[in-house]
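Peer 1: Heads up: the sequence lines are chains H and W, in that order. Under this note's numbering, the first sequence has 315 at position 316, and the numbering climbs by one with no breaks. Just add 20 to the spot in the second sequence (first one is 1) and you have this note's numbering.
Calculated from the structure, these hints are not laboratory results. The model shown is predicted, which means the values in this text are computed figures rather than measured ones. Check the hints yourself; a few may be wrong.
Stated by the list, open to error - Partial chain W-side listing against chain H, Cβ under 10 Å, derived: (1) I148; (2) V568; (3) S583; (4) V654; (5) T764.
To be verified - Reference listing, derived: stretches of chain H covered by chain W, where coverage requires no fewer than 3 residues with Cβ under 8 Å from a Cβ of chain W: (6) 54-66; (7) 130-141; (8) 156-162; (9) 222-233; (10) 332-343; (11) 354-363; (12) 493-500.
Every residue gets a Cβ at the ideal spot worked out from N, C-alpha and C, and that includes glycine.
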Amino acid sequence: MNHLVVAPVLLPLLAAIGLLLMRPLPLGVRRALSAGAVAAQAALAVMLLAATRDGTIMTYALGDWPAPFGIILVADALAAWMVVITTVLALTAVLYASRGDDGSGRHFHVLFQLQLFGLNGAFLTGDLFNLFVFFEILLLASYGLLLHGGGPLRTRGGLHFVVLNLAGSTLFLFAVGTLYGVLGTLNMAHLARRMASVGPDDAGLVQAAGLLLFGVFALKAALLPVYLWLPRAYAHTSAPVAALFAIMTKVGAYSILRLDTLIFGAAGGASAHLLAPWLLPLALATAVVGMLGVAGGTLLRRQVAYLVVASVGFLLTAVGLGSVEGIAAGLYYLPHSTFAAAALFLLADSIASRRGALADHLVPGGAMSDPRLLGALFLVAAVLIAGLPPLSGFVGKFLILQAALGHPALPWVMAVLLGTSLLAVIALARSGSVLFYRAELVAAPPGEDQGRGAMGRLGRELAPAVALLLLCGALVAWAGAAHEHTHGMALQLMNPELYMEAVLGPASRSGP
Amino acid sequence: MLLLILTVFVGAPLAAWVARFGRIQSAWAAGLVTIVAVLQLITLMPAVFEGETLIHQWDWMPRAGLNLSFRLDGLGLLFALLILGIGLLVILYARYYLAARDCMGRFYAYLLLFMGAMLGIVLSENIIQLLVFWELTSLTSFLLISYWQERADARQGARMALAVTGAGGLAMLGGFVLLGHIVGSYELSVILQSGDVIRAHPLYLPTLVLILLGAFTKSAQFPFHFWLPNAMSAPTPVSAYLHSATMVKAGVFLLARLFPALSGTPEWSALVGGAGLATLLVGAVFALFKHDLKGLLAYSTISHLGLITLLFGIGTPLAAVAGVFHIINHAIFKASLFMAAGIIDHETGSRDMRRINGLWKYMPHTAMLAMVAAAAMAGVPLLNGFLSKEMFFAEAVSASTHLRLGWLLPATVTVAGVFAVAYSFRFIHDVFFNGEPVDLPKSPHEPPRWMKVPVEMLVALCLLVGILPALTVEPLLTLASSGMLNQPVPDFDLALWHGFNIALAMSVVALVGGGLLYVARQPLFELHDRFEHRLQAKPLFDRTIGGVLGAAGAITRALDTGSLQRLVALFVAFAAVLGISGFVASDSPLTGPRDLLPVDGISLLAAGGLAAAALATVIMHRQRLVSLILIGVVGLVVSLVFVKFSAPDLALTQLSVEVVTIVLLLLALYFLPRRQQPDSHPGHRARDVVLSVVAGGGVAALAWAVLTRPYDTIADFFLANSVPGGGGTNVVNVILVDFRGYDTLGEITVLALAALGIFAMLEGLHLKGPTRDDEGRPWSPDMHPPVMASLTRLLLPLALLVSAFIFLRGHNQPGGGFIAGLVTAVALIMQYLANGVAWTQSRLPANMHPVLAMGLLVATLTGLASWLFGHPFLTSTYTYLYWPLVGKFEVASAMVFDLGVYLVVVGATLLILIHLGLMHSASHQAPADTGDYR
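Construct the complete structure from the given sequences, taking the supplied hints into account.
Peer 2: The following block contains the structure:
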């Protein structure tokens, strides 16, 4: 028993409670507490990463009830990886929000912490129903955050988001209920172990439930055909929330990965590889429609939202390849796409706030201060997300391509990956050119030292975005180590017996 | 070598930074950086001249086969020298070229970035790393072309170049990945040894095509050549450097680099040779007709790149050597010509050859230099262009002997040569002679002394190489060729005089023909003018890109209409497809083996009522109040079902939840707009009917299938352990607060979140409620009837007592914190309803936030307390106490947790209610005594 497993979940909950109790205190104090709590979570997450690095799978039996009867938390390498990405991302988002976005509505920091409670909880749980509970927390917290600050467009996007996700929750319950009805358990490891002994009479039900779960997770991940809730919701919410939500679709992707490798993995008996025929085609199609949305976009933030859609497509393409290399590539691509999209959301906000009524409409003209500095950052972020060398987007796409070698779908994967990258280059070059090259310079100090002055003035505003870009840079500089790590993770995932043993102990002859 | 490249990359920000101390300093810094890089290269040179191939390697992503590895052999050395040498001259030249308002720091920073990327290409050992630098040159080229960003043609030209070369780079990435797959390594030293394996592999053709796409786009080969003339909107130093001497040579460099691995097949000859020949001819013909000085040079560059490509396409080692030789020569004379053109542009203010005439009088020195360089371009003897062109003609002739219709090759080549002479002649004659200048913005004069120095040096090289090839260029060419071929270099002879042969004849024909063509140019010009608009690639490209982007927008708008109905319909359909296909994939029966219970009348009645109420809700959905009541009926029947199946806890919960939600919905209903939405489109209705029948039927089938199967779950464990482990006989409650207390913690957080979310949303929202009902009658002014008010006041203590009772017995009997909380909430809601929000507010503490927070805190701290005893979070314990009068009773820590649940339920429900109610009163009367309840 190691409380480290549960700590990243409890800390944001306690922070939220504390923030709720401290409502009368000035905003500055609450900001400090919130940011401190996120930083502490990030530290815990890194400790978790270190503890699971050697392949250890840590478990934590809540209430001291043994698996599969109580709820078990499981921290394997994947869970730790996700928690690290989430908390680091959250740190930049909370710092950006602390410039003033958090004051435009009530309870920003409480909702923010509870959102993290939901995220960390979802990644660390080993119980399917508990995952449902954390999905609910995520849903409610993100609904609150989406609407933060108000406005008709925001409310509309938020409404679509919540209605669709409530439908998704219902479907989740159907699926969990069916699995429980047939397999008699909710513990994911236990479910996985029982899969092998599902008879032909029950296989249909299990597969129906499995695919329904896939449908729910696809909705969360914004996969075709259920991605349309995302662009408006993300494009119209406040920047720090949009940045944090770069991880939200990855919760769906994470769940698909778990479902695909643990329960319906190679050891899934009659239902092994259940998702395989669906995942790759849908993922590729998602990448295409996502990138078409980017190319056809007339609003910068909508473009970025579609980039999030497309990146989920790439990520799940990698997962859908169904090999260790594919999963390793996907898990490398995951933090990159999360950080890059978040950075772009923050930059888009900085850009929009400088263009007055034009905001982020992609039409030429309008005055803008500091176009050089913002333009440079935009260029870096665009290169990142379009997957051009030498940044992490390129490495990620290269790894996915490499993993696709030998897969029968190689021509498709290659065509989609390269074609969409080209579309992204063309679309983002146009956006950047419209936004920065055709802007009138305004009220910036003349001459060469504009760069320095801008840096000084804008340090606080741009630091979070710069930090995210630097994180992507670190993914390139230490690409070898990162890839080694994701490869180890993929190996662990592709051997679900490790997970089952860690949770339930070695399999007995007759099975539990 | 890493250091060499790093020097240049680090130099880039340095040059930008230095600019703050003055414009000129930036040029000095860039120059110094380049000189340092040259010195570093020189220290590496002796080893290469001894025949070594230097390879420096560092691990980067060993698992993916990606390493940081650099390679210096003859070919790389030649290119590195060209890049650095011409780069140095361009830096000097640009210092005089750029106007005072141009930002020097930015220019030199971009230029050095480009230089570093270019060096990276030619010094890479790992092909993926090569590709990284390759795309970097595309990016930096974008920045350099769009340097004058206020000009539309610069922006468009930059984007076009990026799109075309970027596309090629992406294709090349695909090709390199395949190549690495075939060979098993991305290292050139392995790839170059594996030519036979590659050529025999089934993936050879796709690999070759993808790689060639990269090379051809970069080197502006037909039909991808059109970006290059449009890139001429870049400042002339950029054109001289990128678009003649270096970047466009990256494509032919790649052909040279991979020559041993890919060449020697019919596919190679057809693709490379074909593209080269077409480009050679097209470029030469178009060049003649360009009135723009730089346009002429751009098409001439295209033509010469085609010439080089054709040489590689011929595929013999000797042809490849000739290709490398022409790369050198072309870089030298074309860079000098661009610089001369830049000087002319700079000093006359125009580049139009119809206006700049007779400059010999005004700038004889420059004219002399330009004329020598143009003669080299034409292939006049005693100049370097002549030598490589001679070799080219010879190779074309010898290659033609193996081909059917082989004579076409030398013939076409000669025609291209004729045009090359003609446009060179035009460059000389139109610009420097041909009468007087027409209407120039500036009066032409010689440029500053140092602006001419780079041109002079390059022209001197043209002469040196042309006259004394064996002394100057031969060692380097041999070295580069051996690096390229990876085998002994064939004998070649750089002598000026080879005797009378066909190649010489072709040269003579080209020179004479070119002269004649120029003389007879006028009719051709008229022909060209008539068809020019049809031959423009830019409008076509713009249309294509515009079409793609437009189509993308149209598709996106068609998909993303912003309709919620469509979103939900898609989701339901998706779920239905998934569920059904999952089930039918295996041949499991729908009905399980379990015996069915007999159907009794009451159950049937309840089921019928449930179905009828659900259906009626849908039918009556336009009458909101009615449908709300019908939903209530559904909930009630469900709670009856729970009773029937002996689940009193669930029935109680369902009942109280039903009450609370209906009340809250009623409050919310008040604010909905009264305007009725028009009915949906009939097609949509049909779609919705089908979807709901399928989805409802699917869910029913699922429930049927699950319920008819034997039940074998872990529930027995809960039954067996509830008393010994959890200390309670009410298993449902023990599951809630103990076995799965963590879920409950999560669920009360959800509840709290809902309350906070609603609170945050209502904040600042001003909704106007209606003052009249649907029939136009005003609302009753008697808002709080006294009978109801008194009754509810009497009921309050009773209700609270009941809820305390339910709470306390919860662990062993039906009840618990959740139900107790709901009962309390209902009791308080009644006070609000009966007495009004304001009245109740003044008597009850209205701020529910602390209650919520305390509830969550109590629940969490109870869980944390078990840490003190060395147990995991939420471990419970219980003991028995004996109090007088009460007797022996049990105390479980889980009950404290349950208290938290209770508080959250009460707090959340009331928080929502109070704020909806406050809005309600605010919309009715002037905001009076709402106070600060937040």
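Peer 1: Are the hints correct? Go through all of them and say.
Peer 2: Consistency of the hints with the structure:
no. : hint    : verdict
1   : I148    : holds (7 Å)
2   : V568    : holds (7 Å)
3   : S583    : holds (9 Å)
4   : V654    : violated (15 Å)
5   : T764    : holds (9 Å)
6   : 54-66   : holds (count 6)
7   : 130-141 : holds (count 6)
8   : 156-162 : holds (count 3)
9   : 222-233 : holds (count 6)
10  : 332-343 : violated (count 0)
11  : 354-363 : violated (count 0)
12  : 493-500 : violated (count 0)
In the structure shown, a violation is registered for the earlier hints numbered 4, 10, 11 and 12, in ascending order.
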